[in-house]
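2 protein chains.
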Amino acid sequence: MTDQSLTRKRQRRPDARPSEILAAALALFSEKGFSSSRMEDVAARAGVSKGAIYLYFPDKFALLKALVQQAIGGQIDLAARLVDRLEGPVAPLIAQMVRMFVLRVETTDLPSIIKLVISESRAHPEIGRFYLDNVIMVAMPLLERLIGKGVASGEFRAADPRLTVKCLLGPMLLSAVWRSVFEPLGAEQLDVAALAEQHLDIFLKGLRP
Amino acid sequence: MTDQSLTRKRQRRPDARPSEILAAALALFSEKGFSSSRMEDVAARAGVSKGAIYLYFPDKFALLKALVQQAIGGQIDLAARLVDRLEGPVAPLIAQMVRMFVLRVETTDLPSIIKLVISESRAHPEIGRFYLDNVIMVAMPLLERLIGKGVASGEFRAADPRLTVKCLLGPMLLSAVWRSVFEPLGAEQLDVAALAEQHLDIFLKGLRP
DNA sequence: CTAGTTAATGACTGGTCAGTCATTAAGTTT
DNA sequence: AAACTTAATGACTGACCAGTCATTAACTAG
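Going line by line, the protein sequences match chains H and U.
Taking numbering that gives the first Met the number 0, the leading residue of the first sequence gets 0, the next gets one more, and so forth.
Taking numbering that gives the first Met the number 0, the leading residue of the second sequence gets 0, the next gets one more, and so forth.
Note that these hints are calculated values from the structure, not bench results.
Because the structure is a prediction, the values reported are computed rather than measured.
Any given hint could be a false lead.
Same chains, same names: a pair is fine if it fits in one copy or spans any two.
Claimed, not checked - Straight line, CA to CA, 30 Å or less: simulated BS3-like cross-link-like pairs of lysine-lysine:
no., residue 1, residue 2
1, 59, 148
2, 49, 31
3, 64, 49
4, 31, 59
5, 59, 204
6, 49, 148
Required output: the full structure, derived from the provided sequences and hints.
Okay, structure coming up:
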């Protein structure tokens with residue numbers, strides 16, 4: 000097989016292609032942005048011809064859609080399940096979720112995806128709306144319920160959950176943007192985990208009755 | 000003059016052109032993004048021919064640079080002056096700065112500019128670096144000093160100013176992104192001022208000794 | 001081994017658009 | 001009012017690139 004892959008010009012591996020193409024697309028898109036990435040370059044990086052991409056994806060935009068879908072994965076569902084079976088104080092669960100986000104920022108290309116969504120949502124509202132519907136509009140109400148519960152039980156002082164959620168998420172967004180936008184330009188590396196801990200500390204103390 | 004402007008084909012107004020072109024560019028860029036905006040459309044919106052733009056700006060990219068420069072304006076200098084002449088507690092000044100930001104978000108196209116910087120910084124690192132050097136790297140140390148001062152004087156409990164600044168700015172970034180990305184897609188309108196007040200409340204209480 | 005099926009290729013096409021420049025109009029000076 | 005300077009125009013060019021498709025290579029069943 001190693002022999003073959005060195006000598007054969009054309010390998011037929013229809014099962015492996017789509018994920019290889021997506022990986023190449025993610026790498027290239029997060030490097031050069033969506034519109035300045037050429038399909039031929041995605042193909043080259045995936046070790047495939049340009050035409051082959053069109054066997055698996057109808058057009059360039061479909062690559063972007065698939066990437067966003069893939070990045071979201073089952074994280075949100077997992078979070079929803081955790082909220083459902085919660086008993087007792089909410090603060091530890093909030094902390095756990097922030098740390099889940101940190102892990103994704105550190106181990107996946109989530110920051111690049113977030114940057115792509117921000118960048119491309121005007122030219123491709125479909126992408127933005129997909130993210131809005133499937134991530135924002137699911138994650139935010141989830142956290143709102145959590146914070147509302149904390150307020151109701153007296154664990155937190157009175158605060159508008161709608162706005163408070165955005166206070167919670169703001170620094171997470173900043174982490175992602177810093178990673179994908181400013182670090183590549185030579186800005187100091189941001190310790191995302193440390194930022195998250197500092198933020199949790201201020202945020203949870205700030206909500207104490 | 001009104002007579003003329005209705006009848007004349009070619010008006011010669013070299014002083015007014017640049018700002019008119021920039022206004023048109025900002026409107027179009029924030030509507031369609033930078034790369035999918037055509038120079039001819041910028042020209043049309045500015046009431047000018049495509050060629051005329053090139054009399055005032057060397058290329059398309061120069062428009063973007065000029066826009067970013069214009070958006071920053073003297074805000075940062077103003078902020079620096081306020082910090083220098085500060086005596087007494089720092090919390091009110093922090094609140095004032097957050098409210099200054101809110102005002103800019105509500106009355107200017109700052110959110111669009113921020114979105115453009117995020118979107119285009121990969122394709123045009125020059126833009127990103129300009130923003131990094133002239134906004135981020137000026138505003139953040141300023142606020143760091145402020146927070147450091149608060150910690151030193153005992154107004155705040157111990158906290159890493161570097162990280163704390165990012166906690167402070169996160170929700171501001173989120174406001175800008177929400178405005179420029181999600182609201183155009185039909186998401187609920189965000190009350191930026193209310194978010195800022197809620198955030199200040201949590202943040203400042205969270206830093207109390 | 002042969003015929004049929006499916007994966008993969010890459011030259012080509014059609015459309016787009018940034019930037020140029022020869023030409024024309026407006027305004028100014030003498 | 002003629003000669004000159006400068007603002008403005010828009011047709012044109014060259015480069016770029018997404019998506020197509022005729023062709024070729026790799027497999028598979030009989």
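Here is what the structure says about each hint:
1. 59 x 148: neither (44 Å within a copy, 52 Å between copies)
2. 49 x 31: both (18 Å within a copy, 28 Å between copies)
3. 64 x 49: For residue 64 and residue 49, only the intra-copy Cα distance (19 Å) is at most 30 Å; the inter-copy one is 35 Å.
4. 31 x 59: both (15 Å within a copy, 18 Å between copies)
5. 59 x 204: neither (47 Å within a copy, 48 Å between copies)
6. 49 x 148: For residue 49 and residue 148, neither the intra-copy (52 Å) nor the inter-copy (58 Å) Cα distance is at most 30 Å.
Violated hints for the displayed structure, listed by number in ascending order: 1, 5, 6.
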